[in-house]
Amino acid sequence: MTHFAAVALFALFASTVFGITQRETPRQMLRYGIYCFLLFVGAAIALSWLMYFIAR
Amino acid sequence: MRYSQKCMATEENKNAASGSGAQTGSQEGFVYLPLIAGWLVPGAGHFLLRKWGRGALLAVSIVSMFALGLAMQGKVYANAHDILDILGLAGDLGNGLLYFVSRLMGWGAVQVQVTTADYGTRFIVVAGLLNVIAAVDAHNLRTGRKS
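Going down the list, the sequences are from chains A and B.
Under this note's numbering, residue 57 is the last one in the first sequence; the count climbs by one each step, no gaps.
Under this note's numbering, residue 164 is the last one in the second sequence; the count climbs by one each step, no gaps.
Isolated chain A, as found in the complex (with noise of 0.2 Å):
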């Protein structure tokens, strides 16, 4: 498994649970946990452009 595909599935998981408990309606749900997986995946492609240029 790659660290993208990890990453990938670590957030599908937890975007999943935060959606559902943090909301009431479904499409509330729906909404939520796909903001919350474009935050994680978003974030970790962000720090790791980030980390990369640290590294040069």
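Source of the hints: derived by calculation from the structure; they are not laboratory data.
Check before you lean on any hint, since a few could be wrong.
Stated by the list, open to error - Selected chain B positions facing chain A (Cβ under 10 Å, derived; list incomplete): (1) S78; (2) Y136; (3) K163.
Cβ atoms here follow ideal geometry from the backbone N, Cα and C, with glycine treated the same way.
Position chain B against the provided structure of chain A, taking the given hints into account.
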């Protein structure tokens, strides 16, 4: 109701505070059962409350995360020697029966030996923490704090 009676202990306010009325039927039985069941078996708290879809999604997410952690040779904390071990053990215990079964069966690594095992260890700990959140959510549904 007059404004001056809004926060007073009138009969109407007492009924609203105690949750009587429409919620009375759902307040019978052991109120902590969904919390305990949800901790022991991921999703079970929601299944008890007939939230089948939510329970299934929670169960699949948490069990998959735990299984992936084991597949990556993640460490299952057995004892605590320092503060980080204590935190890891607390997170692992959140998995409920998954943790105890994995300990009994000897699943998971004792020591982290490969790079992916470090990720696996975090997957197992986070699965436990997510399971605690899910169990608390089931408790909130049971008490009527959440609909």
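Status of the hints after comparison with the structure:
no.: 1; hint: S78; verdict: holds (4 Å)
no.: 2; hint: Y136; verdict: holds (5 Å)
no.: 3; hint: K163; verdict: holds (7 Å)
Violated hints for the displayed structure: none, as all numbered hints are satisfied.
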